[in-house]
Amino acid sequence: MILLLAIFAGLIAGIIRALVNRRKLAAPNLRFIWIVPLAFLPQLFAFQIPATRASIPDQWIPAALIGSQLFLLIFTAANMRQPGFWLLGAGLLLNLVVITLNGGWMPISPETVKRLAPNAPSGAWEIGKRLGFTKDKVIQSSDTHLWLLSDRFVFPDWFNYHIAFSIGDVLIALGAIWFFWSLGGPSNPDQIRGA
Amino acid sequence: MENYKNDLINILTKIDRRKVQIALLIFILSMFVLSAGAPGAFGDHAIMKILAGF
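Chains as they are written, first to last, in this note's numbering: chain A, 1096 to 1290; chain B, 332 to 385.
Errors might be hidden in some of the hints.
Now the stretches of chain A that chain B is said to cover, found in silico as 3 or more residues with beta-carbon under 8 Å [to be verified]:
hint	region
1	1123-1137
2	1146-1155
3	1260-1270
Keep in mind that the hints were calculated from the coordinates and are not lab data.
These numbers come from a predicted model, not from an experiment.
Note that the Cβ used here is the ideal one computed from N, Cα and C, for glycine as well.
Please model the entire structure based on the sequences and the hints provided.
Below, the structure written as structure tokens:
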């Protein structure tokens, strides 16, 4: 949800920018836009829809996740000249690399899980197992490839929003904000052409 | 039937193409960030609900 908030924040910023500049919000043509829903579908069934995510075997998840993100990488590369897309692509690539190197799962350490849910009932999670129906698998930091890129960041306790996120997630959020912010700025010929 | 068809054509011709395209961008980028990021951990409170036994 917080990544969607990044889109919302960027959109609001873009609208304000357009109002200040006394122009309309731009509507760039993105290339290969159809790839995104295609890439989203496997993840929709695997992670979002309760009825399907519970019935999909865990061993199918890595292929679905990596395949889906590879498609997104093609979409990002095709639109690299759009503002913010290099950040979106960099974030996606970092997540994809750490997921691929860890067997198709985003690693999360037991310490991070404990910080997220200190009062979780016994047996709610287990080292070496998938964390609920998420993309994450609980893996010891020492056994994690590229631990720096894993879901290792959490918000401070006072923030009262208990989530873990990776460097890649941060870049994706920044890229989304930048893209929507750019829609309120001066015309960009590349955006109009979709080049 | 003809009335409905005319109404539909009227609606479609009045739609601002730019606004439709912006709405599409929001929709597509939302799907993108949810797929490129790691929902569950960096998504919503799903992780908490799962861990709390929902």
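Each hint tested on the structure:
1. Under the rule that three or more residues need a Cβ within less than 8 Å of chain B, the assignment of the region 1123-1137 of chain A holds, with 8 such residues.
2. Under the rule that three or more residues need a Cβ within less than 8 Å of chain B, the assignment of the region 1146-1155 of chain A is violated, with 0 such residues.
3. Residue count for the region 1260-1270 of chain A with a Cβ under 8 Å from a Cβ of chain B: 6. That meets the three needed, and the coverage hint holds.
Figure legend: structure checked against the earlier numbered hints; the only hint not met is number 2.
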